[in-house]
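> Sequence:
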Amino acid sequence: MVFNKIIRVIKAAYENVVKVDTAMVSLRRVTTLSEQQYTELYSKMTASAKSYGVALADIIQSTADWVKLGFDSDTSEKLAEIATMYQHVTDLDNDTAVKNLVTAYKGYQSQLEEAYDNDAAKSIEYIADIYDKLGNEFAESAADVGEGLTHASSVLSQSGNSIQEAAGMFTGIQEVIQDSSTAGTTLKILALRLRGMKGELLSLDEEVDENVISISKMQTQILNLTHGHVNIFNDDGTFKSTYEIMKGISEVYDELSDSDRADLLETIAGKNRANGVQALLSNWSQVEKAVNAANNAEGTAAAENEKYMAGIQGHLDSLNASVQSLSNSALNSNAVKFAIDFLNNAVNAADVLVNTVGTLPVLLTTIAGGLSAIKNIGRNKMFFLNVNMPIVIIVLFRYKQFRYYGC
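In the numbering used here, the protein residues as written are 292 to 698.
Some clues are possibly wrong.
DSS-like mimics (lysine-lysine), calculated; alpha carbons at most 27 Å apart, straight line [what the hints assert, rightly or not]:
| id | residue 1 | residue 2 |
| --- | --- | --- |
| 1 | Lys-413 | Lys-397 |
| 2 | Lys-341 | Lys-310 |
| 3 | Lys-580 | Lys-531 |
| 4 | Lys-580 | Lys-598 |
| 5 | Lys-413 | Lys-390 |
| 6 | Lys-359 | Lys-397 |
| 7 | Lys-562 | Lys-538 |
| 8 | Lys-397 | Lys-310 |
| 9 | Lys-397 | Lys-369 |
| 10 | Lys-413 | Lys-489 |
| 11 | Lys-369 | Lys-413 |
| 12 | Lys-369 | Lys-341 |
| 13 | Lys-369 | Lys-489 |
| 14 | Lys-359 | Lys-369 |
| 15 | Lys-341 | Lys-390 |
| 16 | Lys-341 | Lys-359 |
| 17 | Lys-310 | Lys-390 |
| 18 | Lys-359 | Lys-390 |
| 19 | Lys-489 | Lys-397 |
| 20 | Lys-538 | Lys-598 |
| 21 | Lys-413 | Lys-359 |
| 22 | Lys-508 | Lys-580 |
| 23 | Lys-508 | Lys-538 |
| 24 | Lys-531 | Lys-598 |
| 25 | Lys-397 | Lys-538 |
| 26 | Lys-580 | Lys-397 |
| 27 | Lys-531 | Lys-489 |
| 28 | Lys-369 | Lys-390 |
| 29 | Lys-562 | Lys-598 |
| 30 | Lys-508 | Lys-489 |
| 31 | Lys-369 | Lys-562 |
| 32 | Lys-310 | Lys-335 |
| 33 | Lys-310 | Lys-369 |
| 34 | Lys-413 | Lys-562 |
| 35 | Lys-598 | Lys-335 |
| 36 | Lys-562 | Lys-390 |
| 37 | Lys-580 | Lys-341 |
| 38 | Lys-413 | Lys-335 |
| 39 | Lys-538 | Lys-489 |
| 40 | Lys-562 | Lys-531 |
For the record, the hints were derived by calculation from the structure and aren't laboratory data.
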């Protein structure tokens, strides 16, 4: 039992080393650093794994994923920490977490870089802050907000909305319909229709009516149905943002007749998205609260991570990271590679013997015959070889089996 326990511990350590080494290979493929830089980066990732409660191999792989998206290695290491914090409150896998964060960042890159002095890590951490803040305070989860903005952030940004306004409008719809994919898509379609983006709508298999084809007709319809209260254009002829238009409509929506509401919804949302836009307008007070919360979200992700790490699961995750780091230190990848190469050479030599084992009985019989003629000992030698030949074959066969199956 003790021997088996030792074997299991060694096997677990070996598996940890393999995982870390595999992740480092992925990182090396997408970076060109000196060995000293790799050593320093590895030390940072090891410390992060323990601090943020994530497997060392996972944070290395996440760092490699961020590098693939165009960030330098140091920034990518910080972004891997941020993705981990977001994962802790969403239970998302790394790929989805990264997608939710980077899509919103790409959509709002200019706004965020201006706010955070071109610091990509701080910008993306603020996105995670918004997701966490709204997930904590409204009838939605941080994962919901992330998915919703993944669908809509690019279009909403191009339509003049800030990331806070985009997140707030998503919240207004999501709290009512509880379907993050539909809520995000509804916002996207709404923004496209209000700007007459016919080609984009057709590419999404959305209906294109005369209100979209003629933006002046869209303007006239909204102006008339809101009794002159809402114009989709500014005085200088530029489009108002989606948020500004919907805020204006929300101010008079309850005062409209049922028929005017129905016509207005069909005008701005089309027939397929009317329910979602209705939810947005009816829940506008929550939209404004969500925008305010998003504006004051900074630091939320870090605070959430501290709470997570204070729990039992956080301590367990930190322990697992420490164990993986210890395994890699005690049984480093170079030692494992040397042992594997040694075994491989030994197995290859055994393989040659196994492949030629069919000729051994003839060869041994010949040798035994020669011994018999010279020293009269052939009978005893031949008896020994014939009795033990199965054992020889079994031993050689096990070498070959180990090569292919590891057992």
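> Against each hint, give a clear statement of whether it holds in the structure.
Here's how the hints hold up against the structure:
1. The straight-line distance between the Cα atoms of Lys-413 and Lys-397 is roughly 14 Å, inside the 27 Å bound, and the hint therefore holds.
2. Taking the CA atoms of Lys-341 and Lys-310, the gap is about 16 Å. The hint holds against a cut of 27 Å.
3. About 21 Å separates the Cα atoms of Lys-580 and Lys-531, which keeps this hinted pair within 27 Å; it holds.
4. The hinted pair formed by Lys-580 and Lys-598 meets the criterion: a straight-line CA distance of about 25 Å does not exceed 27 Å.
5. Taking the CA atoms of Lys-413 and Lys-390, the gap is near 17 Å; set against the 27 Å cutoff, the hint holds.
6. At roughly 14 Å between alpha-carbon atoms, Lys-359 and Lys-397 fall within 27 Å of each other, so this suggested pair holds.
7. Distance restraint check for Lys-562 and Lys-538: the Cα-Cα separation of roughly 21 Å lies within the 27 Å cut-off, and the hinted pair is therefore satisfied.
8. Distance check on the hinted pair: Lys-397 and Lys-310 sit about 31 Å apart at the alpha-carbon level, beyond 27 Å; violated.
9. Restraint check for Lys-397 and Lys-369: the C-alpha separation of about 17 Å stays at or below 27 Å, so the hint holds.
10. Taking the CA atoms of Lys-413 and Lys-489, the gap is about 36 Å. The hint is violated against a cut of 27 Å.
11. Taking the CA atoms of Lys-369 and Lys-413, the gap is near 9 Å; set against the 27 Å cutoff, the hint holds.
12. Only pairs whose Cα atoms come within 27 Å are accepted, and Lys-369 paired with Lys-341 is accepted, the gap being roughly 14 Å.
13. At roughly 40 Å between alpha-carbon atoms, Lys-369 and Lys-489 are farther apart than 27 Å, so this suggested pair is violated.
14. For the suggested pair Lys-359 and Lys-369, the alpha carbons sit about 14 Å apart, so the restraint of at most 27 Å is met.
15. Using a Cα cut-off of 27 Å, the hinted pair Lys-341 and Lys-390 holds, with the two alpha carbons roughly 24 Å apart.
16. This hinted pair checks out: Lys-341 and Lys-359 have alpha carbons roughly 24 Å apart, not beyond 27 Å.
17. Simply put, Lys-310 and Lys-390 have alpha-carbon atoms about 23 Å apart, close enough for the 27 Å limit, and the pair holds.
18. With a CA separation close to 12 Å, the supplied pair Lys-359 and Lys-390 stays within the 27 Å bound.
19. Annotation: proposed proximity of Lys-489 to Lys-397 holds, straight-line Cα distance about 23 Å (limit 27 Å).
20. Between the alpha carbons of Lys-538 and Lys-598 the distance comes to roughly 36 Å, so the proposed pair goes past 27 Å and is violated.
21. Taking the CA atoms of Lys-413 and Lys-359, the gap is about 19 Å. The hint holds against a cut of 27 Å.
22. The suggested pairing of Lys-508 with Lys-580 is violated, with an alpha-carbon distance near 33 Å, which exceeds 27 Å.
23. Of the supplied pair hints, the one linking Lys-508 and Lys-538 holds, its CA atoms being roughly 20 Å apart against a limit of 27 Å.
24. Only pairs whose Cα atoms come within 27 Å are accepted, and Lys-531 paired with Lys-598 is rejected, the gap being roughly 41 Å.
25. Between Lys-397 and Lys-538 the CA atoms are separated by roughly 26 Å; this keeps the pair inside 27 Å, and the hint holds.
26. This hinted pair checks out: Lys-580 and Lys-397 have alpha carbons roughly 25 Å apart, not beyond 27 Å.
27. Proximity of Lys-531 to Lys-489 is assessed by CA-CA distance (about 18 Å); at most 27 Å being required, the pair is judged to hold.
28. The hinted pair formed by Lys-369 and Lys-390 meets the criterion: a straight-line CA distance of about 16 Å does not exceed 27 Å.
29. A hinted pair counts as satisfied when its Cα atoms are at most 27 Å apart, and Lys-562 with Lys-598 does not qualify at roughly 45 Å.
30. For the suggested pair Lys-508 and Lys-489, the alpha carbons sit about 14 Å apart, so the restraint of at most 27 Å is met.
31. Proximity of Lys-369 to Lys-562 is assessed by CA-CA distance (about 45 Å); at most 27 Å being required, the pair is judged violated.
32. Restraint check for Lys-310 and Lys-335: satisfied, since their Cα atoms lie roughly 18 Å apart, inside the 27 Å limit.
33. Distance check on the hinted pair: Lys-310 and Lys-369 sit about 21 Å apart at the alpha-carbon level, within 27 Å; holds.
34. Annotation: proposed proximity of Lys-413 to Lys-562 is violated, straight-line Cα distance about 40 Å (limit 27 Å).
35. About 22 Å separates the Cα atoms of Lys-598 and Lys-335, which keeps this hinted pair within 27 Å; it holds.
36. Proximity of Lys-562 to Lys-390 is assessed by CA-CA distance (about 30 Å); at most 27 Å being required, the pair is judged violated.
37. In summary, the hint linking Lys-580 to Lys-341 is not supported, as the alpha carbons are separated by about 36 Å, beyond the 27 Å threshold.
38. For the hint pairing Lys-413 with Lys-335, the CA-to-CA distance comes to about 18 Å; that is within 27 Å, so the pair holds.
39. Using a Cα cut-off of 27 Å, the hinted pair Lys-538 and Lys-489 holds, with the two alpha carbons roughly 24 Å apart.
40. Of the pairs offered as hints, the one joining Lys-562 and Lys-531 holds, with about 23 Å between alpha carbons and a cut-off of 27 Å not exceeded.
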